[in-house]
Structure formats: C-alpha cells, structure tokens
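Undergrad: These are the residues of each chain, in order.
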Amino acid sequence: KQEVTQIPAALSVPEGENLVLNCSFTDSAIYNLQWFRQDPGKGLTSLLLIQSSQREQTSGRLNASLDKSSGRSTLYIAASQPGDSATYLCAVPGAGSYQLTFGKGTKLSVIP
Amino acid sequence: GAGVSQSPRYKVAKRGQDVALRCDPISGHVSLFWYQQALGQGPEFLTYFQNEAQLDKSGLPSDRFFAERPEGSVSTLKIQRTQQEDSAVYLCASSFGTGGPYTQYFGPGTRLLVL
Chain A
190 KQEVTQIPAA LSVPEGENLV LNCSFTDSAI YNLQWFRQDP GKGLTSLLLI
240 QSSQREQTSG RLNASLDKSS GRSTLYIAAS QPGDSATYLC AVPGAGSYQL
290 TFGKGTKLSV IP
Chain B
596 GAGVSQSPRY KVAKRGQDVA LRCDPISGHV SLFWYQQALG QGPEFLTYFQ
646 NEAQLDKSGL PSDRFFAERP EGSVSTLKIQ RTQQEDSAVY LCASSFGTGG
696 PYTQYFGPGT RLLVL
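Chains as they are written, first to last, in our numbering: chain A, 190 to 301; chain B, 596 to 710.
Only true hints are included.
Here are the simulated DSS-like pairs of lysine-lysine, each with C-alpha atoms no more than 25 Å apart in a straight line:
#1 609(B) <-> 673(B)
#2 231(A) <-> 606(B)
#3 652(B) <-> 293(A)
#4 673(B) <-> 231(A)
#5 652(B) <-> 190(A)
Across the chosen pairs, the derived CB separations fall in these ranges:
#6 658(B) <-> 209(A): 39 to 49 Å
#7 653(B) <-> 194(A): 15 to 25 Å
#8 622(B) <-> 208(A): 30 to 40 Å
Just so you know, the hints here were simulated from the structure itself, not pulled from any lab data.
Ideal placement from N, C-alpha and C gives every residue a C-beta, glycine not left out.
One chain only, chain A, in its complex shape (with noise of 0.2 Å):
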C-alpha cells in the first residue's frame, strides 16, 4: 500500500527566504506526482504535476523536482511571501492509478 510522508509538519520562515518542503513514498512505481496548495477552509489548488520522465517542473517561484529511484520529491519556493502560506500537500497515485495518496502536508507560514 502506498504511503506518503511530509517533513516537516509544520515551517515558520521570515519573509523574503528560500524554503525546501519534503515529501517521501513507499511504492517508486508512480507515473506522476503532485503537488497542492490548500488554503484554511479551502479546497486544494493544484501547483505542479511532475511526469515520472520528468526530474524537474518550475512554475514562477515554485521549482519541484522527482527522484523516483530514492521515492523522494521537494518543492522548493523561492523568495518566500506572506501569501504563500498555507498548508501544501503531495500526492501520488494510489492503487487503481486513478485516485491520489496524499501526505498530511506540510503547515507553512511566511512571517512578515
């Protein structure tokens, strides 16, 4: 059964740095991973979708990179920003590679 860890639970960061979050899974046989944003009291906003051909997507600030061997993905964000708080998930498809496996997500908070 695929698992799906996150380190750390939670971040605190002063605004303007740079800020790696962790995510680990047990089954290397994924076709793709992702990565999700999710606001409180919100649904969750897809940030990146990494191919398992593929080491690396970027999108603006947001650079997320798959080592499928080692079952091993960061997001790295660049600049950190008030806005970019929020809890941030990764997900990996499950048994029937339709329906996504997430980690509990990493809380990250930007302080001004």
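Keeping the supplied structure of chain A fixed, place chain B upon it in accordance with the hints.
TA: For chain B alone, coordinates are given in the frame of chain A:
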C-alpha cells in the same frame, strides 16, 4: 462557473440524521472523485466515477455511505445515520480524462459536523 462547486459548504447534523452532499464538476470532465479529509490529515479517497459508472468505491468507510452520478455530471454523496466519526471535510474533484496523468481539480469542500 469554471471550477468545481460543492454544496452546502457547511452542514451540521445531529447523530443519526441522513445528509446529502452535492458536487458539480467542471463541465465535460469525465472523471469524478470524492475524498474525505479529517482535521490535520490529508484527503483520503472514497470513490471514483467515470461518467455515470462508479468504478471504485473501495474507500467508502461503511455501507452508510452511498454515492451516485446518474447522468454523468452532478454527483451526490449520501451518508445515512450519521455518526460523530463522520465529521470531516468532504472534497469532490474532477478531471478531464481517465487515469492518472490528468490533473484533478478540487472543489472547496463541504465541512460536515455531526453532533
């Protein structure tokens, strides 16, 4: 609207009541998913529809949970005889195609509180 919508946004139910949660997916999206998110946890898969066909309901916690998508668009998740452990946020997601490569778009969720 362009996104996935869910109603109601909040629902308070007394233990033993039946509730119905509605999801309007993005128009034209074939796949529809329901997830349950407990406080402080990531979402967990409940069930999957491809058009009107429910292809996977392995995540439904008990036979009190029932989902349908009769015309291949709007979906309803029904919970009978609600229990306190059913309190959670119920998220609906849709995607254009079938299978994994397609991005899932999530609605805002319905926050259910069972007293």
